[in-house]
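The primary structure of each chain is shown beneath.
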Amino acid sequence: MRILEYQSKRIFSQYGIPIPKGRVAINAIIADHIYEELKSDVVIKAQVLTGGRGKAGGIRLAKSAEQVEELTNEILSMSIKGLPVKKILVEEAVRIDQEYFIAITTDKDEGVPVLMASKYGGVDIEEIVKGNHNALFSMPIEPLVGLREFQVRSAALAIELPKQLWHDFEDIVLNLWNLYRENDAENVEINPLVISEGNRLIALDAKVTIDDNAIYRHPELSEFFDMEEEDRMEYMAKKYGLSYVKLEGNIGCMVNGAGLAMATLDLLADNGGQPANFLDIGGGANAEKVASGLKIILEDERVKVILINIFGGITRCDEVARGILNVMEEKHCTLPVVIRLAGTNSSQGLALLQSSGFIAAENIADAVKLSVKASKGKKR
Amino acid sequence: MRILEYQSKRIFSQYGIPIPKGRVAINAIIADHIYEELKSDVVIKAQVLTGGRGKAGGIRLAKSAEQVEELTNEILSMSIKGLPVKKILVEEAVRIDQEYFIAITTDKDEGVPVLMASKYGGVDIEEIVKGNHNALFSMPIEPLVGLREFQVRSAALAIELPKQLWHDFEDIVLNLWNLYRENDAENVEINPLVISEGNRLIALDAKVTIDDNAIYRHPELSEFFDMEEEDRMEYMAKKYGLSYVKLEGNIGCMVNGAGLAMATLDLLADNGGQPANFLDIGGGANAEKVASGLKIILEDERVKVILINIFGGITRCDEVARGILNVMEEKHCTLPVVIRLAGTNSSQGLALLQSSGFIAAENIADAVKLSVKASKGKKR
Amino acid sequence: MSILVRSDIPVLVQGITGKEGTFHAQKMQGYGTRIVAGVTPGKGGDWVLDEKIPVFDTVRTAIEATGAEASVIFVPADRAADAMFEAIDAGLQFIFCVTEGIPMQDMMRVKRYLATSDTQLVGPNSPGLLSPGKVKLGIIPGEIAQPGNIGVISRSGTLTYEIVNEIRKAGGGVSTCIGIGGDPILGMGFVELLEMFEDDPETEKILMVGEIGGRFEEDAVKFISQHVTKPTYAFIVGKSAPEGRRMGHAGAIIEKRAGSAAYKIDLIKNAGIRLASSIEEIPALLLKS
Amino acid sequence: MSILVRSDIPVLVQGITGKEGTFHAQKMQGYGTRIVAGVTPGKGGDWVLDEKIPVFDTVRTAIEATGAEASVIFVPADRAADAMFEAIDAGLQFIFCVTEGIPMQDMMRVKRYLATSDTQLVGPNSPGLLSPGKVKLGIIPGEIAQPGNIGVISRSGTLTYEIVNEIRKAGGGVSTCIGIGGDPILGMGFVELLEMFEDDPETEKILMVGEIGGRFEEDAVKFISQHVTKPTYAFIVGKSAPEGRRMGHAGAIIEKRAGSAAYKIDLIKNAGIRLASSIEEIPALLLKS
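Chains as they are written, first to last, in numbering that gives the first Met the number 0: chain A, 0 to 379; chain B, 0 to 379; chain C, 0 to 288; chain D, 0 to 288.
Keep in mind that the hints were calculated from the coordinates and are not lab data.
One or more of the hints may lead you astray.
[Unchecked claim] Calculated cross-link-like contacts (lysine to any residue; reagent style SDA-like; alpha-carbon spacing at most 20 Å):
no., chain 1, residue 1, chain 2, residue 2
1, C, K238, A, L246
2, C, K26, A, N285
3, C, K110, B, G145
4, D, K238, D, E279
5, B, K238, D, G100
6, A, K238, C, S224
Since the model is a prediction, treat every value here as computed from it, not as a measurement.
Using the sequences and the hints, build the whole thing.
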C-alpha cells in the first residue's frame with residue numbers, strides 16, 4: 000500500500016524525523032488559512048501517488064496570499080500521469096543548502112532490507128545511479144540484527160555529510176529503520192533530505208509503502224488508505240483480497256493463480272487479443288470470491304468479452320461455477336463469457352454451467368482463441 | 000537492579016499483564032483507605048527485596064478495617080532477613096484455583112534468555128525442581144529472533160494449562176518477553192501466575208531485575224531505584240560506578256579488579272583475617288573514583304584497618320595515590336592503612352605516599368599479613 | 000524415487016484441522032503419502048482422517064510420537080511464520096509451505112533463521128511436490144501427471160498443473176514436479192533443485208517454468224550453463240505484463256536488477272536452453288526430442 | 000610465536016582518540032605491536048601517535064587503507080556492542096574487547112552475530128593478550144612478564160598481572176598470557192585457548208586462573224582431561240565470597256548449574272590437575288616441576 004506524502008510525513012513526525020511545518024488542504028480557502036498560520040513563503044505540493052510531480056508543475060512556491068490561491072486552484076485542477084489532484088500539501092518554504100537521498104528498501108532477491116544513500120538527492124536519482132555506480136551507497140541490513148549505528152555512519156561517510164550533522168543523521172536514519180520495521184514497510188524514502196540554514200536536517204519529501212500482506216496488523220494505518228486516490232476497481236479488488244491490475248484492452252480476464260493468469264494474458268497477446276485486466280483470484284477461492292472478481296470485471300465498461308480460465312487444484316471448479324452463476328443471474332450479464340474449467344471437480348463445475356449459455360472451451364488455447372474472436376465482434 | 004513487587008507490578012500493568020487491584024501504603028491510614036476503595040478482602044504484602052516473605056509472616060489476609068490496621072502495623076514493624084519493612088502493598092484478595100510459575104531469565108553460560116514454566120507455582124519452586132526435573136519446563140530463546148508463539152504454546156502444554164486459557168497465556172508471556180527485552184531485564188518472574196474464578200489468569204506476584212549495565216538507557220526506571228531499600232554503602236558504590244558487597248568482618252578492602260579482589264579476600268581468610276567488604280574500583284579508576292571508594296569504607300564503623308591493593312594496568316598508581324591522599328586529608332582518618340601498589344606508575348604512586356605514614360607492603364601476601372595483624376590490635 | 004524426499008517419508012501437516020489442511024491431508028494420504036500426524040495448537044489429542052491420524056499441539060510432541068521428518072504447512076498467513084519457526088526449531092528435515100500472503104518481513108526473519116539450521120524449506124506460496132505414482136506433498140492434483148522422465152520446476156501453481164496436464168495428454172510423464180513458490184522471498188530456489196534433477200537417475204529432461212520479477216531464472220541459467228548436462232527446457236510467462244509499480248526510487252533501483260520477461264528470455268536463448276514460446280508448444284518440444 | 004595472532008599482525012584500535020585508547024595504543028606500539036590505524040567515528044582524517052597513525056571513521060575504510068586484521072576495542076560501554084558489530088561485519092579476524100560494563104542483552108546479540116562469522120572475539124572486559132617480547136594486544140602491562148614456556152589463561156585482569164609478575168620474579172617466563180574477560184557472556188572461552196596452547200610449540204605448561212560463577216572452568220576441566228597432554232595447573236579465586244544475590248527463583252535455578260569455588264576446586268582436583276591454593280604458591284608449583 001502506497002500512501003500520500005502528507006500521510007507519510009505524519010508517520011515521519013511520529014517517529015521524530017524532522018519535516019517542514021505544514022498541513023494538507025483540499026481548496027484555496029484552507030490553503031490560505033495554512034499560509035496565514037505559517038507566516039512564511041510556502042510550497043504547494045500536489046498529493047498524488049506518482050513521481051514526477053515537480054516536472055509536471057505540481058510543486059510550486061507561493062509568496063503571497065494571492066499566489067497561494069492562484070496556484071492552489073491551478074494544481075487542484077491538474078491531473079498528473081492520469082491521476083487527478085484532489086489534495087495539496089501547504090508547507091513552509093525551506094532554504095536548501097544541500098540535498099541528499101536516503102532510503103530503506105527491500106531487496107527481495109536477497110530477502111534483506113537495504114540502506115541506501117546518495118549525495119545526489121532531489122533529482123532523478125535513478126538516472127544518476129545508472130550513469131555512475133559510485134553515486135549510490137547501498138548496504139544490506141541483517142534482518143535479525145536490524146540497522147546498526149555503524150551502518151548509518153558508513154552512509155554518512157559515503158555521502159560526505161558534514162560531520163557536525165552526523166549525530167542528527169544517525170537519529171533520523173535509525174528512526175527511519177524503526178518506522179520500516181514497526182510498520183511492515185516495503186520501502187521508506189526521503190528524497191531529498193536537505194541541509195537547511197547550514198545546520199538543520201529536514202525531510203522535504205517522504206515516501207512510505209506498506210507490505211499489503213501485513214496491513215492486517217496495522218489497523219492504525221488503514222485510515223491512510225484513501226479510496227479516492229485508488230482506481231475504483233483496484234480498491235474493490237483489494238477489499239476482497241484479489242490481485243487486480245487494470246490494462247488497456249477489452250477482454251476481461253479472471254484466472255486462478257498469477258502464473259496461469261500471466262500465461263493467459265501472454266497467449267491473448269500472441270493471438271491478437273487485448274486483455275482489459277490482470278485478475279488472479281488466488282488459491283482456494285470460494286464462490287463468493289469468484290463472484291467478487293466477476294463483479295469487478297463487469298464494472299469495467301470497456302469489457303466486451305469475459306474469459307474465465309480455472310485450473311482447479313486447491314480451488315474447486317464447482318465453487319467457481321457457483322460463483323459465476325450467482326453473479327450472472329444477479330447482474331443480467333449479456334456479454335459473451337468464455338469458460339474453461341479443468342482440474343479439481345471440473346466435471347461438477349461444467350455440469351452446473353451446462354444450461355447457462357456460456358461458451359465452454361476445451362483448453363487454454365481454445366479459450367483464448369474464442370475470446371479474441373468474440374472481442375472483435377460487435378459492441379454490446 | 001532489583002525492584003520491589005509493587006514497582007514490578009506497575010511495569011506489568013504497563014505491559015498489559017493482569018495483576019490484582021491494589022496500591023502501596025506506608026502506614027495504616029493509607030492502607031485503610033485502599034481497603035475502603037477496593038471493597039473486598041485484601042492481602043497485605045511486605046515490600047522488601049528478599050524471598051520468603053510469606054513464611055516470615057509478611058503476607059497476610061485482612062477481612063475487616065480492624066484487621067487491616069492491625070496487620071499493617073504488625074508488618075510495618077517487621078524485619079525480614081534483616082531488611083526492615085517500610086512499605087506494604089494492599090491488594091484485593093483473589094480466589095486461587097491453580098498456581099503456576101513462569102519466568103524469563105538469563106542463562107549467562109549460554110548467553111541466551113530462557114523461558115521457564117512449571118505447574119508447581121506458588122511454593123518453593125527451586126526445591127521442587129531439585130527433586131523432580133520434569134517439574135520444570137525450560138526452553139532457550141534465540142536472542143536475535145526473540146520469543147516465538149510456539150515456544151509459549153510448548154510451555155502451556157508442558158504445565159498442562161487448560162486450553163481455553165492458552166490465548167490469554169500467550170498474550171501474558173509475549174508481553175513478559177517484551178518487558179524483558181525492552182527494559183534490559185536480567186530476570187522477570189511471575190510466581191504464582193494463578194487461575195482465578197475458573198477462567199482468569201492473574202499475576203499474583205511479580206519480580207523484575209534490571210541489568211545494572213543497562214540502566215543508563217532506561218531513565219524512566221530510575222524512579223524505582225529506592226535508596227531506602229538499599230544498604231547506604233551499596234547505594235553510594237552504585238552511584239559512583241563501583242562494585243561493592245558488604246561482608247561481616249573488620250578489614251576494609253579496596254582492590255582494582257574483581258579477580259584480584261577475590262584473591263585478596265581469600266588470602267585474608269586463609270590468614271585468619273575478616274574482610275568487611277568486597278570493593279572493586281574497576282579498571283582505569285581515576286583519583287576521584289578511588290576517593291569515593293575510600294569514603295565508602297570509612298563510612299563503615301566496623302572497619303579497624305584499611306587494606307588497599309592495587310596492581311596498575313589500565314589503572315595508574317599515581318592516580319590512586321592522589322585519591323587516597325585527598326580523602327585522608329579531608330577525613331582526618333586515623334585508622335591504620337596498609338597500601339600495596341604495583342604495576343603502572345607504581346614508583347610515582349609510592350613516592351607520593353612516602354611521607355604520609357601509611358604501611359607500605361611489598362606484595363599481596365605481605366599486605367594481607369600486615370592487615371590481619373593490624374585488625375587484631377586495639378580498637379580505634 | 001522423487002527428488003528431495005523419499006517416497007515413504009513420514010509427514011506431518013501443520014494446520015491439519017483447517018478446511019484446506021483436512022482436504023489436502025486426505026488427498027495426500029489417498030495418493031499414498033505417509034501422513035503420520037497433524038499439528039493444530041489447542042487441538043492436541045484429537046484424531047482426524049477417519050480418526051486414524053493423531054493431532055498434536057506442537058511439532059515437537061508430534062515428532063516425538065510419530066517420527067515425522069517433513070511438514071506441509073496450511074496454517075493461515077498470520078501464523079505461518081511461527082509455524083515455520085516451530086518446524087525449523089523442532090529439527091524437521093523438510094518443510095513445504097503452501098500458505099500464501101505471509102508478511103514479507105516475517106519471511107525475511109524465517110529465512111535467516113532457516114540458514115542457521117539443516118532444514119530445507121520449499122515455499123511459501125508453493126504448491127509442493129508431486130512425484131507421480133510415488134509421493135505427493137502439498138496440493139498439486141495427483142491426476143494431472145503420470146510417471147515419466149521429465150523433471151519440472153516452477154514458480155507457479157496452476158500454470159504448472161496446466162503444463163503437466165498437457166504433457167500427460169500428449170503421452171509424456173514426469174519424474175518429479177515441484178513448485179518453489181510464487182512469493183519473492185523463498186526457501187529453496189531453482190538452483191538447488193536443478194542440482195537434484197541433474198543427479199536424479201529418473202530424470203532425463205528438465206523443464207523450468209519461470210516468471211517476470213526476481214533473480215531466480217537468472218541464477219538458474221547460470222547454473223544450467225555450468226553444471227547441468229541433461230537437456231533443459233524453459234518457459235517464461237509475463238511477456239505482456241505491464242511494468243510493475245514502483246515503491247519509489249529505491250524500489251526501482253533495486254528492481255532494476257530483477258528482470259523483465261524479455262530479459263530473461265534473452266538470457267535463456269543465449270545460454271542455449273530450449274525455450275517454449277507458449278504452453279501449447281511445450282509437450283511437442285519436450286516429447287519430440 | 001604467540002598463540003592466536005602472529006607477532007606482526009596489523010592492528011587497528013577502535014576508540015583510539017579516547018583517553019584509554021590513546022594511552023594503550025601507545026603502550027602497544029611501544030611494545031612492538033604493529034598498530035596501523037585507529038577508528039573513531041567523526042574523527043576520520045586525524046592522525047595520532049606522533050601524527051603517524053591515521054584515524055578513520057569506519058572500520059571498513061580503515062581496513063581498506065591499512066590491511067588491518069585485528070582490532071582492540073576501547074570504545075565506551077554504550078557504543079561497544081556497535082563497535083563489535085562493525086568489526087565483525089568488516090570481516091576482521093580478531094577482536095580484543097577491553098571495554099567493561101556492556102549491557103548483557105547487547106552482548107547476547109553480538110555473540111549470536113559473531114557465530115555467523117569467522118571472526119574470533121576475546122572479551123569483552125578482557126585485558127587482552129601478551130606474548131612477552133613479541134606482541135601485545137590490549138592492556139596487560141608489558142614489563143610484568145618475560146618470555147618463557149608457561150601459557151597463562153585467565154578470567155581476570157589485575158589478578159593475572161599479579162600472578163605473571165610473581166612468576167617473573169621467581170625467574171619464570173610466559174609464552175602467551177591471555178585474559179578471556181571478566182563478563183559472564185564472552186567470545187572465546189578457556190577451551191578454545193587450551194587447544195591452542197596444547198598445539199603451541201613454545202608452551203610447555205599451562206596455568207588456568209579461574210573464578211566463581213559460570214561454567215568456563217567446568218568446560219575447561221573436561222577438555223583438559225580429554226585433550227590436553229601438557230602439564231596443567233589451576234588457581235581459583237572466590238573461596239571466601241558470599242553467595243551471589245538471587246534474581247528470583249528462576250535465576251537461582253539457572254545459577255545452580257554454575258559453580259561455587261569449592262565445586263570447581265573439587266572438579267579440578269578430581270581431574271588430577273595441579274591446584275595452587277594461593278598466589279604465593281603458584282611460582283614454586285609451576286617452576287619446580
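Of the numbered hints stated previously, which ones are contradicted by the structure, given in increasing order? 6
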